[in-house]
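Sequences and hints are given; from them, build the entire structure.
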Amino acid sequence: MAKRIDINNLNVYYSDFLAVEDVSLAIEPKSVTAFIGPSGCGKSTFLRTLNRMHEVIPGARVEGEVLMDGVNLYDARIDPVAVRRHVGMVFQRPNPFPTMSIAENVLAGLKLNNRRMSKVEAAEVVESSLRGANLWEEVKDRLDKPGSSLSGGQQQRLCIARAIAIKPDVLLMDEPCSALDPISTLAIEDLISELKSSYTIVIVTHNMQQAARVSDRTAFFNIAGTGKPGKLIEMNDTSTIFSTPSEKSTEDYISGRFG
Amino acid sequence: MTITEEQSDAAAGVTGLTARTQRTANSIFAGLSVTSASLILVVLAAVATFLLVEAWPAITDTSGELASRVEWIDPEIGESLIQIIGFLVFGTILISTIALLIATPLSIGIALFISHYAPRKLAAGLGYVIDLLAAIPSVVYGLWGAIVLLPAIQPFYNWLGTTLGWIPLFAPDPTTGVVSATGRVALSAGIVLAIMIIPIITAVTREVFLQTPRLHEEAALAMGATRWEMIRMAVFPFGRSGMIGATMLGLGRALGETMAVYMILSPGLSYSFGILQAGNHNTIASYIASQFPEANSQGVAALITMGLALFVITLLVNMLARWVVSRRAAFSGAN
Ligand SMILES: Nc1ncnc2c1ncn2[C@@H]1O[C@H](COP(=O)(O)OP(=O)(O)OP(=O)(O)O)[C@@H](O)[C@H]1O
Ligand SMILES: [Mg+2]
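In order, the protein sequence lines correspond to chains U and Y.
Following my numbering, the numbering of the first sequence begins with 1 at its first residue and continues without gaps.
Following my numbering, the numbering of the second sequence begins with 1 at its first residue and continues without gaps.
Watch out, some of these pointers could steer you wrong.
If we take Cβ atoms under 10 Å as the criterion, some of the chain U residues that face chain Y in the derived model are [unchecked claim]:
#1 Arg-77
#2 Ile-78
#3 Val-81
#4 Pro-96
#5 Phe-97
#6 Ala-108
#7 Gly-109
#8 Arg-116
#9 Leu-172
Don't read these hints as lab results, they were simulated from the structure.
Backbone N, C-alpha and C fix where the C-beta goes; we use that ideal spot for every residue, glycine too.
In C-alpha cells, the structure reads:
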C-alpha cells in the first residue's frame, strides 16, 4: 500500500512567479517526513504538487518529476483526479462537509468511486476509519449528526478518517494541528505515529517539537528574501537535523534565531 | 444625580473606556435597523388590510348584486367570482410552474458555468450580460415573444401535438384535432416568462455559488472528486438555500407578471392541462390588467379580490420555501 516518492528537480510556478526552485528529495514508504521552514518558503506549495492539488489554482504549474513507486505523476497519461485518490490530503483548518453527517463525511470519498456499498459494508468502513482516526468512541452514538457539530480537534480527526477511508497510499498533512489545542494536537500526533505503519505520511509543521516528536526524516526549506523562490536547504534523519544539522541556517531556524 | 453624572464623566475622562460618539452611532444604527424592519411589517399589514377592505363588498356579496353589475361575472355558465378565481389561480400556477421548470435548471447551469467552468474573462463578460438582461422591461420580452418567438416555435408545437399528443399535456384541441395555429398558448407564456426570470435566478445563484468556501471545494477535490463531483459535494449543498431563494425570487416575478402574458396568451377560463391549446388559460395579473380599465366600482372590488388571492399564493409559496430551507438547518453550514 504505502509507496515511496522521489522528487527530481521540481520547480513550481504561480504564473510567472517561481515559488519553489529545484527541489529533489526522496520520501520513504511507511515513514513520517516533516517539512519545516519559515512562512512563505513554499512548503504548502510543494506539498500540493505531490497530489497535483496545486492545479486547482489558476496559473500554478510545475516542471520536473514526481515519481511514485517509479511512476511519474506528471506523465501526460496520468489523470490528476486518480492521483488524488491515491494521495490523500488533510488541511490546516478542519473542513468536514457541513451538509453531511459524520458517517456521510467518512463515506464521501468512497461514494465518489461509485462503489455500490451495502449498509453493512458502509457501517464497517465508517467504524474502521473512525477507529483508525481515534474518533470512534467519541462519536459512535451520534454518527447521523452534522460533522460541524464536533469540536475542532474532533473535526480534524474526522477529516483524517475521511482521508483514510479511501485507503490512500500516501497521506499529506498541511499544518494539521495549527488550529487545535495541545490535547487535540497530542491526539493527532499519536494518530500519526499509528498511521505510519500503513501509510507514507508527509507533514508540514511550524512546531519544531512536533516535527521532532512525530517524524523520521525532516526537510528544511528556506527562502532568501521576499520575491525569491523557496529552496530545500537540507534533508536528513530528524534526530540529525535537530542535533547536528550541516547547514548554519538550519541550526539558526530550529534554535529560534530566525524569522 | 449630579454626583453620579460627575463620577461617570470623571471615569470616562480618566479611563477613556466610554467612547461616546461610537455609542451614539451604535444606537442610531440599532434604531434605524429596528425601524426599517418594523416598517416592512407595517407595509405588509397595510397591503393586506387594503386588499381585504377593498375586496370586502365582493367577498361578502350574497344578493347576486355583483353578478348583475359586473358583466364578466356570470354564475349561470359557471363563472361566479369564486369560480373565475379558481380558474385564474390554476392558470397562474400552471404557467408559473412551466416557467420555473424551464428556467431553474437552465439558470443553475448558466450560473455554474460562470462560477466554476468559464475562464475568468468570459465569466466576467457573461455575468455582465446576464445583469443587463435582468434589467430589460417585461413589455420588451412580451413584444419579442409575440413577434419573434410565436411564429418560430409554432411548427415545433405541431410536431409535439402529432407525436406526443397522447400525453394530456400536449393534447391537440379536441374540437379541431390540431394544436393552436397561433401559438398563443400556455406553453408560450411559460417559455417567455422563463426567459424573463432566467437572468434574476442566474444572477443570484451565481453569487451563491461563488460564496462556496474554498476549504470545502478543496476537501472534495483532494479526495479525488472530479469538478462535477466537487460541485455536487460542496457547491450545491452549500448553495441549497440560496438556490431556493433565487427560484422563489423568479417565481415571484413570474406569478405577478402581467404584460408579457397579456401580449402572448389567448385568454380563456378552464382547468385544462392542454398547454398547446389556445383560449384555455389566463393568469390573475393578466386578467386584472385586461378588465381593470372598464371596471365599475363593483368590478374593481371583484378584481381586488383576485389580487388578494395572488397575495395569498405568494405568501404560501414563500412559507413553503422557508420550510424547505429550515428543514435541514443544522446541516446548512451556518454554524
Ligand atoms: N495561490 C497563490 N497564487 C500566487 N502565489 C502564491 C499562491 N499561494 C502561495 N503563493 C506564494 O508562493 C510562496 C510560497 O507560499 P506557501 O503558501 O507555499 O508558503 P508556506 O511555506 O506554506 O508558508 P506558511 O508557513 O505561511 O504556510 C509565497 O511567496 C506565496 O506568496
Ligand atoms: Mg503553508
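Hint numbers not upheld by this structure, sorted from lowest to highest: As far as the earlier hints go, 1, 2, 8 are violated by this structure, in ascending order.
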